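Let the sequences and hints guide you as you build the complete structure.
There are 2 protein chains.
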Amino acid sequence: MKDKPLVSLISAGLSKFGKLEGLYAREIFAEAAKEAYERCPKLDPKKDIKALYVGHMGESYEHQGHTGATMADWAGLLHIPATRTEAACASSGAALRTALQAVLSGLSDVVMVGGVEKMTHRSTADVTEYLAMASDFPFEQWQGMTFPGLYALMATAHMHEYGTTEKDMATVAVKNHYHGSLNPKAHMQKEITLETAMTSRVVAWPLKLYDCSLITDGASCLILTKPELASKFTDTPVHIVGSGQASDTIGLYERESLTSLAAAKLAAKQAYEMADMKPEDINIAEVHDCFTIAEIIAYEDLGFCKAGEGGKLAEEGETRLGGRIPVNTSGGLKSKGHPVGATGTAQAYEIFLQLTGQAERRQVKDAEIGLTHNVGGSGATATVHIYRRG
Amino acid sequence: MKDKPLVSLISAGLSKFGKLEGLYAREIFAEAAKEAYERCPKLDPKKDIKALYVGHMGESYEHQGHTGATMADWAGLLHIPATRTEAACASSGAALRTALQAVLSGLSDVVMVGGVEKMTHRSTADVTEYLAMASDFPFEQWQGMTFPGLYALMATAHMHEYGTTEKDMATVAVKNHYHGSLNPKAHMQKEITLETAMTSRVVAWPLKLYDCSLITDGASCLILTKPELASKFTDTPVHIVGSGQASDTIGLYERESLTSLAAAKLAAKQAYEMADMKPEDINIAEVHDCFTIAEIIAYEDLGFCKAGEGGKLAEEGETRLGGRIPVNTSGGLKSKGHPVGATGTAQAYEIFLQLTGQAERRQVKDAEIGLTHNVGGSGATATVHIYRRG
Numbered sequence: 000m001k002d003k004p005l006v007s008l009i010s011a012g013l014s015k016f017g018k019l020e021g022l023y024a025r026e027i028f029a030e031a032a033k034e035a036y037e038r039c040p041k042l043d044p045k046k047d048i049k050a051l052y053v054g055h056m057g058e059s060y061e062h063q064g065h066t067g068a069t070m071a072d073w074a075g076l077l078h079i080p081a082t083r084t085e086a087a088c089a090s091s092g093a094a095l096r097t098a099l100q101a102v103l104s105g106l107s108d109v110v111m112v113g114g115v116e117k118m119t120h121r122s123t124a125d126v127t128e129y130l131a132m133a134s135d136f137p138f139e140q141w142q143g144m145t146f147p148g149l150y151a152l153m154a155t156a157h158m159h160e161y162g163t164t165e166k167d168m169a170t171v172a173v174k175n176h177y178h179g180s181l182n183p184k185a186h187m188q189k190e191i192t193l194e195t196a197m198t199s200r201v202v203a204w205p206l207k208l209y210d211c212s213l214i215t216d217g218a219s220c221l222i223l224t225k226p227e228l229a230s231k232f233t234d235t236p237v238h239i240v241g242s243g244q245a246s247d248t249i250g251l252y253e254r255e256s257l258t259s260l261a262a263a264k265l266a267a268k269q270a271y272e273m274a275d276m277k278p279e280d281i282n283i284a285e286v287h288d289c290f291t292i293a294e295i296i297a298y299e300d301l302g303f304c305k306a307g308e309g310g311k312l313a314e315e316g317e318t319r320l321g322g323r324i325p326v327n328t329s330g331g332l333k334s335k336g337h338p339v340g341a342t343g344t345a346q347a348y349e350i351f352l353q354l355t356g357q358a359e360r361r362q363v364k365d366a367e368i369g370l371t372h373n374v375g376g377s378g379a380t381a382t383v384h385i386y387r388r389g
Numbered sequence: 000m001k002d003k004p005l006v007s008l009i010s011a012g013l014s015k016f017g018k019l020e021g022l023y024a025r026e027i028f029a030e031a032a033k034e035a036y037e038r039c040p041k042l043d044p045k046k047d048i049k050a051l052y053v054g055h056m057g058e059s060y061e062h063q064g065h066t067g068a069t070m071a072d073w074a075g076l077l078h079i080p081a082t083r084t085e086a087a088c089a090s091s092g093a094a095l096r097t098a099l100q101a102v103l104s105g106l107s108d109v110v111m112v113g114g115v116e117k118m119t120h121r122s123t124a125d126v127t128e129y130l131a132m133a134s135d136f137p138f139e140q141w142q143g144m145t146f147p148g149l150y151a152l153m154a155t156a157h158m159h160e161y162g163t164t165e166k167d168m169a170t171v172a173v174k175n176h177y178h179g180s181l182n183p184k185a186h187m188q189k190e191i192t193l194e195t196a197m198t199s200r201v202v203a204w205p206l207k208l209y210d211c212s213l214i215t216d217g218a219s220c221l222i223l224t225k226p227e228l229a230s231k232f233t234d235t236p237v238h239i240v241g242s243g244q245a246s247d248t249i250g251l252y253e254r255e256s257l258t259s260l261a262a263a264k265l266a267a268k269q270a271y272e273m274a275d276m277k278p279e280d281i282n283i284a285e286v287h288d289c290f291t292i293a294e295i296i297a298y299e300d301l302g303f304c305k306a307g308e309g310g311k312l313a314e315e316g317e318t319r320l321g322g323r324i325p326v327n328t329s330g331g332l333k334s335k336g337h338p339v340g341a342t343g344t345a346q347a348y349e350i351f352l353q354l355t356g357q358a359e360r361r362q363v364k365d366a367e368i369g370l371t372h373n374v375g376g377s378g379a380t381a382t383v384h385i386y387r388r389g
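Going line by line, the protein sequences match chains B and L. Quick note on numbering: numbering that gives the first Met the number 0 labels position 266 of the first sequence as 265, and the sequence is numbered without any gaps. Quick note on numbering: numbering that gives the first Met the number 0 labels position 285 of the second sequence as 284, and the sequence is numbered without any gaps.
Honestly, the hints are just simulated from the structure, not real lab data. Predicted model only: the values in this text are computed from it and were never measured. Don't take every hint at face value.
If chains are identical, the list can't say which one is meant, so a pair holds when it fits in one copy or spans any two.
DSS-like mimics (lysine-lysine), calculated; alpha carbons at most 30 Å apart, straight line [unchecked claim]:
#	residue 1	residue 2
1	225	166
2	231	41
3	49	305
4	46	3
5	268	225
6	3	225
7	364	41
8	231	268
9	3	49
10	268	45
11	49	15
12	277	49
13	225	49
Here it is in structure tokens:
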């Protein structure tokens, strides 16, 4: 384990996740920013924060692009450099990587990074269409392919190759709904049974309703600084000790494997090497469970188990609160919700709470090392970050 | 003038700008990348380039988001970290700032940055609607405001406050069309007369057809590295010695001034301070002439003349080839064209050609210091970069 962190998180904020009627994305982002400011009273946002990066996937939802500048203004940060990043559902994972580089570059000592999406005012058909823009237009969208279909292809390949079952996937859903029931900011705070999940209606076989993440409104943010400045703002920072990002073909049809994401494996490798850590060092993780099969594949890509054993890991309860490595204690995209642009930094928010002992009913005792895994589209982008309690 | 550059440009590429029928954005970007690779034979792109940042404004044109990963693959860079940045028409100016930070951060030694937009396959009405997403939805778009209208408000305010005339604006158009006529990659390679410009049809008074930039397809890219590594790749690098970025309210209606862009002034101040230079040190500039009035305001915001004297500067021929400070020798957005996401790094491409003596018929003799000024929307984002011949 390396001693020197890359950067330090000094605060974090999250809006309520859910169906936030009557609000614009900018108002939701302001709610997340307010929490981050209140958590860190020694920070003078207007004076201290020198740049903003905002993950935002779709300008179509609100017919509003130019999100960086808009969010800067609504977070009380008028005139600072503000840039939107987009990498599909990994938009704010990519923003975090970008913000981290901004701090390391020496150009900005204190940087805010976050993400936002307002989705629920649109019909499910509209949302499905907008989300599909993260896949390949000529050979996927144009053929009528949407994301449940793409992940269903991965699921059937995984079932075929490794014997993964529909029950394995449903187990992930049950776990994440249990975790979400303990998170007062989660979109769906209700437990479900295995039977509810298994008998829910088929969206794209083998994926059923409860295998799919939620269409949600929400925003998240973090405040980063140089490790040597962290103590100026807080006594309980969380350090980022590893960062990885990688890309892959936009089209699933061009990949060498359907049962693993090369970009996620590469990003994880970079992050582990940078942190000088192994998968066994990780105490808790937030992974990109846009569909339950994606969480199973994430276990394998991140090295929490061997290839093909992700379903078993879930079945054995190892990734449930109380297990060896609790995954998605926030409820994950499945139960906390998936406001796509906000997801990457919302994952980091959960790790921040956990490593600073503020996760209340879902607190993992003595958690010291955390990991986030954020995936864009069907895996053309992945970011992995590793965190250490300060 | 500071000795130590921030980063060094070792190559640059630009696709043909124009109506590129039958091509996807990814193919246009590949054309720009190919030129950058061919200009720098000592570079092994697949081995050397460690990250990609792509400015891309609109997912609506091709129903295609997730542009970072897509362009990485089509530029032969599969698996590297690849992120799209969006800041309206300053998307690749913001990408350049982001890429520069990636190099300075120490995480990536050699970084590619570029921009791309495919627009001409859409109707003018569609394009106008998509561009409008860079303005405020609730108080501008919703009221029917589009960009010619927003810049017309700035133009009338400038006329009212300073006596700027329609002829001043037309003079900018004539100059940029002259410059564009010397650029084989420009969209419109034809000279126009003052009369043609003055009598062209009104789009949003006082802005007429020839006061407006073009709807264009195109892509641009740059390759950056640490100054100490530049000599490994080229004998003629161009150094970036100053970088500034700032933001403002998304809505024009909230600004303190309609005759100046606060974000551009702030970005310029940062860039000049970082470079330890003054406006008088600049030999050539590429500025954001989305409308002719924007170029006049740019002269003033960048300190090339006093506030209110931009029209006079144009009339006196000081910014024409052969003048004191030639501006938009490429033809600018007005004549070279404005594929929005590509514009910021296309400006840097022109400066790269000029400072390495490769600008052929439009070469400015002995140019040593260049500047780029890239504006998003009606001024909610601005980036300014300063370059020095290596």
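Consistency of the hints with the structure:
no.: 1; hint: 225 x 166; in the structure: neither (45 Å within a copy, 52 Å between copies)
no.: 2; hint: 231 x 41; in the structure: within (8 Å within a copy, 46 Å between copies)
no.: 3; hint: 49 x 305; in the structure: between (43 Å within a copy, 29 Å between copies)
no.: 4; hint: 46 x 3; in the structure: both (27 Å within a copy, 28 Å between copies)
no.: 5; hint: 268 x 225; in the structure: both (24 Å within a copy, 25 Å between copies)
no.: 6; hint: 3 x 225; in the structure: both (11 Å within a copy, 23 Å between copies)
no.: 7; hint: 364 x 41; in the structure: within (28 Å within a copy, 54 Å between copies)
no.: 8; hint: 231 x 268; in the structure: between (32 Å within a copy, 28 Å between copies)
no.: 9; hint: 3 x 49; in the structure: both (23 Å within a copy, 23 Å between copies)
no.: 10; hint: 268 x 45; in the structure: between (37 Å within a copy, 19 Å between copies)
no.: 11; hint: 49 x 15; in the structure: within (26 Å within a copy, 37 Å between copies)
no.: 12; hint: 277 x 49; in the structure: between (34 Å within a copy, 23 Å between copies)
no.: 13; hint: 225 x 49; in the structure: both (13 Å within a copy, 23 Å between copies)
In summary, the structure is inconsistent with hint 1 from the numbered list given earlier, while agreeing with all the others.
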